[in-house]
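Chemist: For reference, the chains in residue letters:
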Amino acid sequence: MVGIGYRKDFGEAFLTSKVLKPAFVEVAPENWVGVGGYWRKQFNKVLERYPLFTHGLSLSIGSPDELDFEFLKKVKVFLKETNARIYSEHLSYAKCDNAHLYDLLPIPFTNDAVQHVAGRIRTIQDLLERRIAIEIVSYYTPVAPEMKEIEFINAILEAADCDLLLDVNNVYVNGFNHQYDPKAFLKELPMDRVAYIHMAGHEQVSETLIIDTHGEAIIDPVYDLYAFAMQLLHRDVPVLLERDFNFPQLEELQAEMEQLNKIKQTALQTKNYAIA
Amino acid sequence: MQSRNATQHYQSALAGYCRTGMLENIPGVVQENVPQYRRLVLNVIDDMLQNAYPLTYDLLKETEWNAIVHDFFSNHPCQSPQVWYMPREFYQYLTETAHPILTTYSFLKELLWFEWIEVELFMMEDQRVPATANGALQTDKLVLNPEHSLLTFEYPVHQKNPKKISNADKRHYFVVAHRNSNGEVIFTDVTAALMRMVEYLAEAPYTTTELFSLFETEYGLQLSETDKEAILNFLKTALQQELIAGFAK
Numbered sequence: 001m002v003g004i005g006y007r008k009d010f011g012e013a014f015l016t017s018k019v020l021k022p023a024f025v026e027v028a029p030e031n032w033v034g035v036g037g038y039w040r041k042q043f044n045k046v047l048e049r050y051p052l053f054t055h056g057l058s059l060s061i062g063s064p065d066e067l068d069f070e071f072l073k074k075v076k077v078f079l080k081e082t083n084a085r086i087y088s089e090h091l092s093y094a095k096c097d098n099a100h101l102y103d104l105l106p107i108p109f110t111n112d113a114v115q116h117v118a119g120r121i122r123t124i125q126d127l128l129e130r131r132i133a134i135e136i137v138s139y140y141t142p143v144a145p146e147m148k149e150i151e152f153i154n155a156i157l158e159a160a161d162c163d164l165l166l167d168v169n170n171v172y173v174n175g176f177n178h179q180y181d182p183k184a185f186l187k188e189l190p191m192d193r194v195a196y197i198h199m200a201g202h203e204q205v206s207e208t209l210i211i212d213t214h215g216e217a218i219i220d221p222v223y224d225l226y227a228f229a230m231q232l233l234h235r236d237v238p239v240l241l242e243r244d245f246n247f248p249q250l251e252e253l254q255a256e257m258e259q260l261n262k263i264k265q266t267a268l269q270t271k272n273y274a275i276a
Numbered sequence: 001m002q003s004r005n006a007t008q009h010y011q012s013a014l015a016g017y018c019r020t021g022m023l024e025n026i027p028g029v030v031q032e033n034v035p036q037y038r039r040l041v042l043n044v045i046d047d048m049l050q051n052a053y054p055l056t057y058d059l060l061k062e063t064e065w066n067a068i069v070h071d072f073f074s075n076h077p078c079q080s081p082q083v084w085y086m087p088r089e090f091y092q093y094l095t096e097t098a099h100p101i102l103t104t105y106s107f108l109k110e111l112l113w114f115e116w117i118e119v120e121l122f123m124m125e126d127q128r129v130p131a132t133a134n135g136a137l138q139t140d141k142l143v144l145n146p147e148h149s150l151l152t153f154e155y156p157v158h159q160k161n162p163k164k165i166s167n168a169d170k171r172h173y174f175v176v177a178h179r180n181s182n183g184e185v186i187f188t189d190v191t192a193a194l195m196r197m198v199e200y201l202a203e204a205p206y207t208t209t210e211l212f213s214l215f216e217t218e219y220g221l222q223l224s225e226t227d228k229e230a231i232l233n234f235l236k237t238a239l240q241q242e243l244i245a246g247f248a249k
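First to last, the sequence lines map onto chains A and B.
Heads up: the first sequence runs through residues 1 to 276, numbered per our numbering.
Heads up: the second sequence runs through residues 1 to 249, numbered per our numbering.
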């Protein structure tokens, strides 16, 4: 199944469009907890029509600050109310020194951070009474690293025993920004933990830097990397098309989703010795 | 191995840089890319504040707007995990610190509050009340729509282009804001007496006769038939516009 992020900007299209046909929608609980009125009514109608996947923004799993248990309880209620199939969050931090920053900052790749973050993920999973998937975020600089990114991610996945949200575009962006082979990176990931895939566009802002904007169409090299990831996986995993602004016509979004589905189906029908 | 405090210290240093622009030495960072984080974080804050306060944004000079946004984000630790709620903290920060911009524009505090209330009422969680549509205005107890806010202004920030507001406009403005069942936020100018009626209903459902009586007792006066007719007309409109949710069951 291939879904798309639910956007209020064109919320009506999810109910009336004959063009847009996602298999599911995704929202951030932060944008809906405690929200009522017109948008909530429309969202409730969307929930009657599509399965819901959720992707958190502010839990700040990598933060040195205490977890926000009050908010986590609200998220738990929201997940139950909406019958959300997946709850995912970012392997990053968005709050520090008791201040929210509302964006995703890179966690230092350190042994202490591995222990700290893995413990928090276990706590969250216990409280929510469900496994969560964590997303490898795009980053523009390492911070005081003690180990390689892949070692950091794998150590956390192992210690936390959680699922992985594989954002293929982020792996591509990180490979470009930090000069590594994204296919080699994918090969080192524990593919059995992948529960969900994100795909998106990005913007190259200089010769050496790509910013993960979600504001452009997916480019061919990212489609290629996605095909490679699907061959590695060789099982059906839900895929999300992320688009947060600079929205094209619905036909273009639908075409991207169809392309993602086509690549997935091709990979599932191909024997996986092709990637050796 | 770095100590726990070292990891935390570097996280704090990066977060602090995003908020203040003051970068301390962090090992391993790509110096030319670090500013991207401050840019991205500030974009989120600025976008959210512009969306919540479009009239204020339009009123202020660009330098004034940028200065208060940076001041807020540098000095105020945002508490809400929900970014749409963060603009309320912006209002609170400016008022609690008695920010000089509120003196430059004497009506700005009220303008910010007016703009925030529209956001808050539009977004607020649905609140159900035990009310029925079946009843009579003259005899049944009236139930107020809980999705409302009572506002008193000294400037007509809800009526007039902020760029045209002057001290000559200064007087008492009583405004009732509410959200109807279509999700629309409606601002209604009322008199002081009508505002008091709405306040009574905010405490408990009352019949119109009880409302008249409460008012007469509190102010030690006798409402004329004309006064009562005006109040009834207001309540009738309030019922149509869903400021009054219905009748007590």
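Simulated from the structure, these hints should not be mistaken for lab results.
As the structure is a computational prediction, the values presented were derived from the model and not from experiment.
From the three backbone atoms N, C-alpha and C, an ideal C-beta is built for every residue, glycine too.
Don't take every hint at face value.
[Stated by the list, open to error] Lysine to aspartate or glutamate pairs mimicking EDC-like chemistry, simulated, CA-CA at most 16 Å apart:
#1 A:Lys41 - B:Glu89
#2 A:Lys41 - B:Glu125
#3 A:Lys41 - B:Asp227
#4 A:Lys74 - B:Glu184
#5 A:Lys187 - A:Glu151
[To be verified] Quick list of the computed label-pair ranges, beta carbon to beta carbon:
#6 B:Asp58 - A:Pro190: 49 to 59 Å
#7 B:Tyr57 - A:Lys80: 33 to 43 Å
#8 B:Pro27 - A:Leu67: 19 to 29 Å
#9 A:Arg85 - B:Ser166: 29 to 39 Å
#10 B:Tyr57 - A:Leu67: 48 to 58 Å
#11 B:Arg128 - A:Asp236: 48 to 58 Å
#12 B:Gln159 - A:Lys262: 29 to 39 Å
#13 A:Glu66 - B:Glu62: 49 to 59 Å
Chemist: Taking the hints in turn, state whether each one holds.
Modeler: Hint check results:
Between lysine 41 of chain A and glutamate 89 of chain B the CA atoms are separated by roughly 27 Å; this puts the pair beyond 16 Å, and the hint is violated. Restraint check for lysine 41 of chain A and glutamate 125 of chain B: the C-alpha separation of about 11 Å stays at or below 16 Å, so the hint holds. A C-alpha spacing of about 39 Å is found between lysine 41 of chain A and aspartate 227 of chain B, which places the hinted pair above 16 Å, so the restraint is violated. Between lysine 74 of chain A and glutamate 184 of chain B, the direct Cα distance comes to roughly 26 Å. Violation of the 16 Å bound is thereby established for this hinted pair.
Our distance criterion of 16 Å between C-alpha atoms is met by lysine 187 of chain A and glutamate 151 of chain A, whose separation comes to about 13 Å. Range check, aspartate 58 of chain B to proline 190 of chain A: about 52 Å between beta-carbon atoms, so the 49 to 59 Å window is met. The supplied range of 33 to 43 Å is met by tyrosine 57 of chain B and lysine 80 of chain A, whose beta-carbon atoms lie about 38 Å from each other. At about 27 Å, the beta-carbon gap between proline 27 of chain B and leucine 67 of chain A stays in the expected band of 19 to 29 Å.
Under the hint 29 to 39 Å, the C-beta atoms of arginine 85 of chain A and serine 166 of chain B, about 57 Å apart, miss the expected range. Distance hint check for tyrosine 57 of chain B and leucine 67 of chain A: the Cβ-Cβ separation is about 34 Å, which falls outside the suggested range of 48 to 58 Å. Checking the proposed 48 to 58 Å range against arginine 128 of chain B and aspartate 236 of chain A shows it is violated: the Cβ atoms sit about 41 Å from each other. Evaluation of the 29 to 39 Å hint for glutamine 159 of chain B and lysine 262 of chain A yields a failure: the beta carbon distance comes to about 56 Å.
Separated by about 38 Å at the C-beta atoms, glutamate 66 of chain A and glutamate 62 of chain B break the suggested range of 49 to 59 Å.
In summary, the structure is inconsistent with hints 1, 3, 4, 9, 10, 11, 12, 13 from the numbered list given earlier, while agreeing with the others.
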